[in-house]
Amino acid sequence: MAPAAPKSGDVIFASVDRVNAELFTLTYGAIVRQLITDLEEVEEVNKQLDQMGYNIGVRLVDEFLAKSSVSMCVDFRETADVIAKVGFKMFLGVTASVTNWDAEGTTCSLILEDNPLVDFVELPDTCQGLHYCNILSGVVRGALEMLRVALPEVFKQLRLIRAKEVEEVSMKTEVTWLRDMLRGDDVFELQVKLLKQVPEEYPYKDDE
Amino acid sequence: MVREVSESCVESLLAEIVLSYCSGFYANKPELAARRIEAIGFQVGHQLSERYTMDRPRFTDNLDAIKFICKDFWSELFKKQIDNLKTNHRGTFVLQDNRFRWLAHMSVDPSVQASGNIQDPSAMAENKSAQATGMHLYFPCGIIRGALSNLGIECAVSADISNLPAFVNRTCTPPTLSFCYSCMTEAVLFTQLLSEKWLFQSAVSSF
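In order, the protein sequence lines correspond to chains A and B. For the record, in the first sequence the residue sitting at position 11 is 11 according to the working numbering, with numbers rising by one throughout. For the record, in the second sequence the residue sitting at position 5 is 5 according to the working numbering, with numbers rising by one throughout.
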């Protein structure tokens, strides 16, 4: 049976239950404010936001796969595109774009020009070093880790196992903010870097 | 055109707040966790009620303010109004939502309902599940308290649930959520929040 064609982000967003973005924006702002009060250190707040985002991403990816009909086995390039066009759209109602691919195809940038998290938000001077939207980097990292892609060519050279070829790996990534509109930049730029991985070694030989 | 996001975003965020504060920062201090979650809700309610009452004149009395919460405020948040409003005319109001959206995807562990009866006399299991879902109620309680505070009304808000849906596939009535709000002077406000069980019982007995 042929898999269903992937749906566009607009179509999915129109079909899910939606709420007023203000509730979302204000709730997130209140969370960040409360975390700053409770944790005091800006770096701790960044870490906590990333962890919260990771937990959310790991759960949201199920809804993403179910509603977008995206097939599991794609490569990192396609995955990044789908996350930007479909993933962001179906949850946040905005699309991101993917640019700045490196030669090996393992690093790219997600660019967000419109971000509901930061509506009406201004950072005070006391919050130097705060990555206000760090929950997004966690979400992307968590979601990617739950998806499996074909092993990129450049990593195949690192392969150590002798048994059956492993063609798929889950994506462990490092996600960092390169540009931040709350700090005066013109867009939000999130760099997603696929970490070199060795496919899992099986403790026993294949019986085939 | 009002900007929208998917409901999963809000629900995920709320679940994460509860997780972070209850299992993370204040793992063994549920009261402190509850206060923090309620404080987050308070801020949100405060700001939202400011935005939604920008073009209106001030409310003349408590009842008008409560009606605003039940109708316009609740509609903006949940696309429906409060289903039932009761009062004892002595400062206590009970707001009832028969299909509270944020709890619609929550259910009790089926092992608690092994006998098939929600009123299972297993007190400990009931307590645990009540505690878990109770944590999710502090946020909406905070929202209401924050919204009313911005309208000039100091109060204490507590919540109670009946009829949580179960994992088992059977027909259940949707979750019913009752908010009990009581006008209190500021001096006792702090203690009211911590002993909400007392508050609810006292409100019930005064009907």
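Accuracy of the hints is not assured; some may be wrong.
Computed footprint of chain B on chain A; a stretch qualifies when at least three of its residues, placed anywhere within it, have a C-beta under 8 Å from a C-beta of chain B [stated by the list, open to error]: (1) 16–27; (2) 52–62; (3) 90–99; (4) 172–179.
Hints were generated in silico from the structure; no laboratory data involved. Note that the coordinates shown come from a computational prediction; the quantities given were computed from them, not determined experimentally. Even for Gly, the Cβ is constructed at its ideal location relative to N, Cα and C.
Here's how the hints hold up against the structure:
1. 16–27: Contact hint for the region 16–27 of chain A vs chain B: holds, 11 residues under 8 Å.
2. 52–62: holds (count 5)
3. 90–99: With 4 residues in contact (Cβ-Cβ under 8 Å with chain B), the coverage given for the region 90–99 of chain A holds.
4. 172–179: That given contact is violated, which follows from only 0 residues of the region 172–179 of chain A lying within Cβ reach (below 8 Å) of chain B.
In the structure shown, a violation is registered for the earlier hint numbered 4 alone.
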